[in-house]
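Dock chain X against chain G, hints included.
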Amino acid sequence: MQKKRVIKVLLSAALLAVGTLAVATGKQEKAGPATLEVWLWKSFVAEQNTYMERQFRSFEAATGHKVNVSFLPAEEIYKKQLAAVEANIFPDISEIWVQNIDQFNRMGVLADITDTFDALNARSPFSPLLGTMVTIGGKKVGIPFNTSAEAQYWRKDILDNMGLKPAGTWEELKATAKKITAAGQLFGFATALGRPATDGEKLIQSVMWAYGGSVMDVNGKPAFKTAATAQAFDYLASLVREKIMPEGITSWDDGGNNRAYQTKSVACVQNTASVYNYMRLNDQDLLKNTVIVPVAAGPKGRYTDTVPHALGVSSKSKSLQVAKDLMKYIMDETLYQGWIEQAGAQIQPVYSRLVDKEFWADPYRRAFIEAGVKYGAYEGWPGPASAASGEIFGTYVLSDTIQKILLDNWTTDKALDWGLAKINEIYERWK
Amino acid sequence: MTARLNQRTLGLMLILPMFLYVMGMILFPFVMNIWLSFTNKRVGMPTRLIGLGNYLFWLKNPDFFKVLGNTLIYTITTIVLKFLIGLASALLLNRRFWGRNFFRVFFLIPWILPSLVTCFTWRWLLDDLVGVVNYLLTRLGLQAVAWMSRPGTALGSVIAVNIWRGFPFFGILLLAALQSIPDELYDAARVDGAGRLQCFVHVTIPGMRKIALIAVLLSTIWTFNDFEIVFLLTRGGPGYSSMILVPFVYEIGIRGMQIARAITFPVLVFPVLLALIFFTSRMVLRED
Numbered sequence: 302m303q304k305k306r307v308i309k310v311l312l313s314a315a316l317l318a319v320g321t322l323a324v325a326t327g328k329q330e331k332a333g334p335a336t337l338e339v340w341l342w343k344s345f346v347a348e349q350n351t352y353m354e355r356q357f358r359s360f361e362a363a364t365g366h367k368v369n370v371s372f373l374p375a376e377e378i379y380k381k382q383l384a385a386v387e388a389n390i391f392p393d394i395s396e397i398w399v400q401n402i403d404q405f406n407r408m409g410v411l412a413d414i415t416d417t418f419d420a421l422n423a424r425s426p427f428s429p430l431l432g433t434m435v436t437i438g439g440k441k442v443g444i445p446f447n448t449s450a451e452a453q454y455w456r457k458d459i460l461d462n463m464g465l466k467p468a469g470t471w472e473e474l475k476a477t478a479k480k481i482t483a484a485g486q487l488f489g490f491a492t493a494l495g496r497p498a499t500d501g502e503k504l505i506q507s508v509m510w511a512y513g514g515s516v517m518d519v520n521g522k523p524a525f526k527t528a529a530t531a532q533a534f535d536y537l538a539s540l541v542r543e544k545i546m547p548e549g550i551t552s553w554d555d556g557g558n559n560r561a562y563q564t565k566s567v568a569c570v571q572n573t574a575s576v577y578n579y580m581r582l583n584d585q586d587l588l589k590n591t592v593i594v595p596v597a598a599g600p601k602g603r604y605t606d607t608v609p610h611a612l613g614v615s616s617k618s619k620s621l622q623v624a625k626d627l628m629k630y631i632m633d634e635t636l637y638q639g640w641i642e643q644a645g646a647q648i649q650p651v652y653s654r655l656v657d658k659e660f661w662a663d664p665y666r667r668a669f670i671e672a673g674v675k676y677g678a679y680e681g682w683p684g685p686a687s688a689a690s691g692e693i694f695g696t697y698v699l700s701d702t703i704q705k706i707l708l709d710n711w712t713t714d715k716a717l718d719w720g721l722a723k724i725n726e727i728y729e730r731w732k
Numbered sequence: 021m022t023a024r025l026n027q028r029t030l031g032l033m034l035i036l037p038m039f040l041y042v043m044g045m046i047l048f049p050f051v052m053n054i055w056l057s058f059t060n061k062r063v064g065m066p067t068r069l070i071g072l073g074n075y076l077f078w079l080k081n082p083d084f085f086k087v088l089g090n091t092l093i094y095t096i097t098t099i100v101l102k103f104l105i106g107l108a109s110a111l112l113l114n115r116r117f118w119g120r121n122f123f124r125v126f127f128l129i130p131w132i133l134p135s136l137v138t139c140f141t142w143r144w145l146l147d148d149l150v151g152v153v154n155y156l157l158t159r160l161g162l163q164a165v166a167w168m169s170r171p172g173t174a175l176g177s178v179i180a181v182n183i184w185r186g187f188p189f190f191g192i193l194l195l196a197a198l199q200s201i202p203d204e205l206y207d208a209a210r211v212d213g214a215g216r217l218q219c220f221v222h223v224t225i226p227g228m229r230k231i232a233l234i235a236v237l238l239s240t241i242w243t244f245n246d247f248e249i250v251f252l253l254t255r256g257g258p259g260y261s262s263m264i265l266v267p268f269v270y271e272i273g274i275r276g277m278q279i280a281r282a283i284t285f286p287v288l289v290f291p292v293l294l295a296l297i298f299f300t301s302r303m304v305l306r307e308d
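From first to last, the protein sequence lines stand for chains G and X.
Under our numbering, the first residue of the first sequence is numbered 302, with each subsequent residue one higher.
Under our numbering, the first residue of the second sequence is numbered 21, with each subsequent residue one higher.
Chain G with its partners taken away, still in its complex shape (with noise of 0.2 Å):
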């Protein structure tokens, strides 16, 4: 009898916990001003984060509603996201690569939003690629954001000191670069090539690509294991085994490139805008001494990876419309413009019109309004942007692969092997 009762006791105590639990947590329809949560990437540019930020708080003072925004890091945006999707607690709306929109579609979390775009569009015409980048079934699931062009920073006194000029393709690259080594007192290119940092996938496309190599060919079908590929890994191999390189880029996150430049510890690095900016507003000494042109070139031409972001709004977004509305006030072409001057050259506008501003006529920034528009490509070329092809980014298995050769000392054939096995294994499974 008294078991019985205890067990009442504790069935009854148990019931209402999770009855609780239920109504706190239950879909309720918002009444009054909505609140958004909104993600960014977080922009190595201060300016560019604070521009936004207010642009948020105008918003706020024109229509009542109350935006939150968080500036999240390059590496741990795309993780917070997957992390959101699964906990049902995607922002209303979010800056996603474009090749994970395929993905994040596929997980039905985003919305249609065929009529912003639409009515974007017709102000302001995107650029013709980045819109069918974000259209899925006929839809578009998202707004073009930006894109993020790399260049590549030469030491212009090290190289008039030594006779030598910025190079135009990769083999020049290695030649110069090992001569300025050679002199000792500072290593002539240094980029990420490690776990950490998305620089060296973009770096290892940009070199394939040159070579006539790719992840993916044009229908989006795996199409690593090429003699192009192979040229293209040796190469990059021989920058580290020559000692062109510094021994450390294995271990380096997306702020080494920066760190190596600003501490004048390599002569060469590809990047964005970042420290472009760093030495606009610190080091103008450091500026006065840079030269910046476009990545090198390949055999098979010129070639940087933009990683092109978009706008996506969550489907179970409890405010679509207000979420729709604060896209077409921040995307509206004179707040943009506004917005992609602050940043500095780091990010190249989506509207085409915009390419030609007087903005982009100063040399410095001329190389990545130059690399976004004429050499532009993304992950996936000459494929679709696809889930498989943002899953194989996401995971590094470019950088991985590198590794095997660098680390592991394997042959480059092995090594192409396993990464192939690995994105077939990825492709498959977004088949």
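One or more hints might be untrue.
To be verified - Result set (DSS-like, lysine-lysine): computed pairs, CA atoms no more than 25 Å apart in a straight line:
id	chain 1	residue 1	chain 2	residue 2
1	G	K601	G	K479
2	G	K723	X	K80
3	G	K723	X	K86
As the list claims (entries may be wrong) - Computed footprint of chain G on chain X; a stretch qualifies when at least three of its residues, placed anywhere within it, have a C-beta under 8 Å from a C-beta of chain G:
id	region
4	61–70
5	145–155
6	164–178
7	258–265
8	275–281
Stated by the list, open to error - Taking beta-carbon pairs under 10 Å as the criterion, some of the chain G residues facing chain X (in silico):
id	residue
9	Y379
10	L383
11	R407
12	R560
Just so you know, the hints here were simulated from the structure itself, not pulled from any lab data.
Cβ coordinates follow ideal geometry from the N, Cα and C atoms, glycine included.
Leaving out everything else, chain X in the frame of chain G:
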């Protein structure tokens, strides 16, 4: 009878919050994890049962054995060295000398500092181009070392940082244990002709035994499950040369989106930890 019933009911009501907590926050997730390990659960995707597929995947995967091996090396090496350095610190700080109280507080600093501060400081110290350690090495005419970039030194670097951070924990517990040993035992031993080493072996060590075992057990569990030091310093690289269990599970489960596969790894390793806790608890609770 009524009074006893009321007392029993009161007792049950008082433990109810803990019961709900254990059920909701520990037992339920634990059982859920084991169930998920038999599925193909990926982020944002529906779940399907696949039986032992994940277990077979890991048991045939060289990365599993590499990461498990790294975890065991990381745990055993850091525990042994933290214990020895902690013991040496405790023995030193147990002696009377000028400034003893200041040093007793000072040596706790590595333990008190937030992990983020520790890791970013060490990342700067060990930086291959602008790090303080390499600066000193080159000033001494030696070659700079890419501490976090070579497979041979990356694991050693994270081990060193873990030891630096963790030895004060052992030191403070062992110091407390030393101070709880009555002086009379030492006096008695000396009267019986025991030398310093014999006093240490037959008085000090038995007196510290239980606390030392608890310190080892707790530190082993924490170290086995360490995340921050490896994640912030090397991310488990280069390659997987410094990768240990928890950062690996994070990488597979979150960045790789493979939740079920990630969960399977710790489920496979859980019996090892359970055995460790069981045997250590028995040693602590055993009657002298």
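> Any CB of chain X closer than 10 Å to the CB of R407(G)?
Replying inline: holds, 7 Å
> Minimum Cβ distance from Y379(G) to chain X below 10 Å?
Replying inline: holds, 7 Å
> Under a C-beta cut-off of less than 8 Å, do 3 or more residues of the region 258–265 of chain X approach chain G closely enough to confirm the stated coverage?
Replying inline: n = 3 at 8 Å, threshold three: holds.
>> For the restraint on R560(G), tell me whether the closest CB of chain X is nearer than 10 Å.
In response: Cβ of R560(G) sits 7 Å from chain X, so the hint holds.
> Okay, the region 164–178 of chain X and chain G, do three or more residues pass the C-beta test at under 8 Å?
Replying inline: Coverage by chain G holds for the region 164–178 of chain X (6 residues, Cβ < 8 Å).
>> Count the residues of the region 275–281 of chain X whose Cβ falls closer than 8 Å to any Cβ of chain G, and tell me whether that reaches three.
In response: holds (count 4)
> According to a criterion of three or more residues whose C-beta lies within less than 8 Å of a C-beta of chain G, is the region 145–155 of chain X covered?
Replying inline: holds (count 4)
>> Can you confirm whether the C-alpha distance between K723(G) and K80(X) stays at or below 25 Å?
In response: holds, 15 Å
>> Taking beta carbons only, do three or more residues of the region 61–70 of chain X come closer than 8 Å to chain G?
In response: Held - the region 61–70 of chain X has 4 residues with a Cβ nearer than 8 Å to chain G, which meets the minimum of three.
> Taking only the CA atoms, is the gap from K601(G) to K479(G) under or equal to 25 Å?
Replying inline: It holds: about 23 Å lies between the C-alpha atoms, which stays within 25 Å.
> Holds or violated: L383(G) as interface residue toward chain X, Cβ cutoff 10 Å?
Replying inline: At 5 Å from the nearest chain X Cβ, L383(G) passes the 10 Å test, so the hint holds.
>> For a C-alpha distance cap of 25 Å, please report whether K723(G) and K86(X) respect it.
In response: holds, 18 Å
Violated hints are absent here; each numbered hint is respected by the structure.
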